[in-house]
Amino acid sequence: MNRERMIWTGLLVVAGLWLLGRALWVGNGVVYVQDLGDVTVSSDAWEAVTETARPSIFRTAGLWLAALFTLAIFSFLYRDNPFYKIAEAVVVGVSAAYWMVVGVWATMVPNLFGKLFPATIKAWAMPGLSPVRDPFSWLYLVPLVLGILLMMRLAPKGQWLARWPLAFIIGTTAGIRLVGFIHADFLSQINSTVLPLVAMESGRFDLAGTLGNLIVVIGVFACLTYFFFSIEHKGVVGGVSRLGIWFLMITFGAAFGYTVMGRIALLAIRLEFLFDDWLWLIDPTGARPPM
Amino acid sequence: MKRTVPLIITAAGGFTLIVAFFIPATESWGEVAAIWFDILAAIAFILGGGNLVRNHLKKISDQTAGWAYSVITLAAFFITLTVGLFKVGARPMEQQEYYGQRFASLSLEDFPLEFSVEGTIPPKKSGRRLPDSVHGQLVADAAAGTISFRGWMEPNQLDDLKNYKHLLEWQATVETLYDKAQPPEPLRGKAFYHAGHRALAFAGRMSEFEYHTLRELAGTPEWLAAVDALYEATNQTAEIECPADALPERFDAAAISPDLSYDEELQRLRFTGPMPLGLRDRMVRRFFPVATPLSPAAEQVLVNLLKQAGPLSEAQIEALSKAAAAGWTFDQLIAEVNRAGEPVQVPKTAREMLAEKQAGATVIEPMKTVGEKRTLNNLQQKFLREFDSSEMTVDDLVEGLRRMGPLSARQVAALRAFLAKQPTAAERNKELGFALLRAGPLTEEQRDLMFGDYRKQIRWRRYVGRLFAAAHVVKFPWSGEYRAVGTPFWWLYEYAFKPLTATMFAMLAFYVASAAFRAFRAKNLEAVLLLGTAFIILLGRTFAGVYLTSWLPESLSFLRIEELTIRIMQWFNTAGNRAIMIGIALGIASTSLKVLLAVDRSYLGTGGD
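Sequence order for the protein chains is A and B.
No gaps in the numbering here: position 216 of the first sequence is 216 in the working numbering, and each next residue is one more.
No gaps in the numbering here: position 4 of the second sequence is 4 in the working numbering, and each next residue is one more.
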């Protein structure tokens, strides 16, 4: 055993012992449920004080697993290691299956099988569905056939057949995007940029509004000039496009700031999960009675 | 075939959606194409799963480096898939379970009763067919000039038919048909026919009299068999073990329902017939009454009791007082009951409006006022303020109020609804106990005092819940939500998928910060602008940033960091983002056109296969 491995093993053993001791003496990381006879509902440590809630082994094990997974992912900050790889393998397997299940229950059952065999689906899984078959329900055989063709990607021969459904996906995406972007982005953005250059509020001159409108109109114009590459950026055009660059730089700076803060917020949530939900070292929301 | 057909499909799919946007008559084409797209996207997830399995199986079979991780991936995949697809542990959908009813199979063709009224079904200009909810049940006989309904019409079917055509004559005909297409009086509100489920249903326990009344409605073998099955099903008795000490004080089964009984010798709780959700809740609330507002005297009594049971600090007494004052008040209840005593506007029936029209009215108001103004008199208010749930039930309260003055049905309903929303005395005491605990420790005896009743309530609720579950026959076991809390699929999402993905994204904070540190250098004006903006935005979203510039006077408040953040986002960022979005929109529109017109064929690949 080399020196590094020894240090890590020692650290892990110490951490494990500390966790074990804390779990035994404090009982941290326990998830409570309340059994109401016909249904078991989520509960908390406060209800446990009244002796009406009991620890759920199933959910407590889940919380500990979630904490260990969180640490396993964070361990990558040091370097690639087996813990991270295990967590990575789990996330790949679970997420692939998760989206498959969502696709089946949220889309295929109601929108495909529910259209083709409404009475059967109603009796089986969707009691609220109308049992009456639409006169044009046969149209839904098309996506069924296209779906089967899509699965040909997995077949050893005839993989080219998967191009047909792929072509449909590409075509509909292009159709939706073409109209959607022109309508919602291109026209709407231009529409929103046509602003009064002298803003008034309650019949009086509004300095802040005027300044804001001027900045937006000039900014959009300058940025678009920068994006216009059919004319050489020299002279007046060059000056305006340089102003556009400045606007874009401010935009990128703001986007960067927001992105970083978003990630830090996520990080804070994960740390709060570890220190609050799992280790019970902090309790910002008063989720547990005082020890 | 390999290249031409896909190009045609691409163009057809895309242009259908574009045409649907511009021509309203073809709007439904676009909707259908969008649903097809969703279906194919869902199937693409299956393809993704299949691909994952194939690749990892190959890795395991070849025993390439890291094949053990592939085993973990596949195990996670198959476990998640199995519990998700089979909805393991998911309870049936509560709204669809028809709690309190039992079903007996009976097809619409075998339902022997048909009800007719004079009239015709008006045609719809758009060619829309009759609502799905009455499919096969409503038939028109043009020769006889009648319309007939097979089955017993339900309120939602009446609404659907009335909305089918907004024509007074038609709506009045439907109302007449609705009145006719009902079970005979002793069975009204108890017997149902759910055509969509092909089921004859009965709510509660069927009595001998009701059984014979149902049987006498028709003599076909299918009908008689269904009625017999229903009678048997609604007379099944469910029982659970329930120790006598779990029963609430003053437990009286007969006061709840004649179908409820308790065998003291065998210590068993029994219920005959299906139990509705309302009865389950009533069984708890009947013996654990609502908490009435604590009077200062009652609060003092509670404080004294707590002091006898252990030490109590001033802070705890204050916390108790504050928590007790947070509950509902009699003034709120009186206001609620008085509000319900105001006359209300209700919609007129189509028959009423038709009668007005035929009488020559030119302007017909769709609403009418019903009821007269009724407010609680002084005697009633005094009686209400003296209500103590430990000594009087809500039924007694209503009875008493009626004795002292007029009380409308709406007022009674409002009073009951108000009290039903309030916590029970046991739940209120529990909250008071929590308030005490937040302010200081409690002894075991003090805890028993505050939480004892709540323990009893939950224990009783548990037995009631078990009886409720035992008395119910699940009708749609697969109707449950696949992501329902507590299911294994939810567990995998909550404790594996969510933390893993969230942590992976959270970890990017480190990499973004590290990359920024290495890449950002204030070498020129553009870089300074980028860095400066990022710095202001980052600071502006923290408490420290706001604190740093909070000293600036009001006249310079526009220089405060949070103000600067708002201005940057509102003005400069809006301008930059707009230009970018306009550029993106133009780029996407042109790329889409190139794809649809087959100018860009890169998505087909380069190979022949």
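Note that these hints are calculated values from the structure, not bench results.
Do not take every clue at face value.
[Stated by the list, open to error] Result set (DSSO-like, lysine-lysine): computed pairs, CA atoms no more than 27 Å apart in a straight line:
1. B:Lys180 <-> B:Lys58
2. A:Lys85 <-> B:Lys59
3. B:Lys322 <-> B:Lys456
4. A:Lys234 <-> B:Lys523
5. B:Lys180 <-> B:Lys307
6. B:Lys357 <-> B:Lys368
7. B:Lys322 <-> B:Lys421
8. B:Lys58 <-> A:Lys85
9. B:Lys124 <-> B:Lys58
10. A:Lys157 <-> B:Lys58
11. B:Lys307 <-> B:Lys322
12. B:Lys124 <-> B:Lys59
13. A:Lys157 <-> B:Lys2
14. B:Lys382 <-> B:Lys165
15. A:Lys85 <-> B:Lys498
16. B:Lys348 <-> B:Lys162
17. A:Lys157 <-> B:Lys59
18. B:Lys421 <-> B:Lys373
19. B:Lys322 <-> B:Lys382
Given hint Lys59 of chain B paired with Lys85 of chain A - CA-CA distance at most 27 Å: Judged against 27 Å, a Cα distance of about 15 Å means the pair holds.
Is Lys307 of chain B close enough to Lys322 of chain B, meaning Cα to Cα at most 27 Å? holds, 18 Å
Hint check: Lys180 of chain B vs Lys307 of chain B, CA-CA at most 27 Å. Holds or violated? violated, 67 Å
Lys85 of chain A paired with Lys498 of chain B [C-alpha distance capped at 27 Å]: holds, 17 Å
Within a Cα-Cα threshold of 27 Å, do Lys348 of chain B and Lys162 of chain B meet the stated pairing? holds, 13 Å
Sort out whether Lys59 of chain B lies within 27 Å of Lys124 of chain B, counting only the CA atoms. violated, 62 Å
Would the hint linking Lys180 of chain B and Lys58 of chain B be met if the CA-CA limit is 27 Å? violated, 68 Å
Against the 27 Å threshold, does the CA-CA distance of Lys234 of chain A and Lys523 of chain B hold or violate the hint? holds, 23 Å
Within 27 Å, alpha carbon to alpha carbon, are Lys322 of chain B and Lys456 of chain B? Cα-Cα ~26 Å, so holds.
Can you confirm whether the C-alpha distance between Lys357 of chain B and Lys368 of chain B stays at or below 27 Å? holds, 15 Å
Hey, Lys421 of chain B versus Lys373 of chain B, does the alpha-carbon distance stay inside 27 Å? The hint holds at about 25 Å.
Take the C-alpha atoms of Lys157 of chain A and Lys59 of chain B, compute the straight-line distance between them, and say whether it is at most 27 Å. Holds, because 21 Å separates the two Cα atoms, which is no more than 27 Å.
In this structure, the earlier hints numbered 1, 5, 9, 12 and 14 are contradicted, and the remaining ones agree with it.
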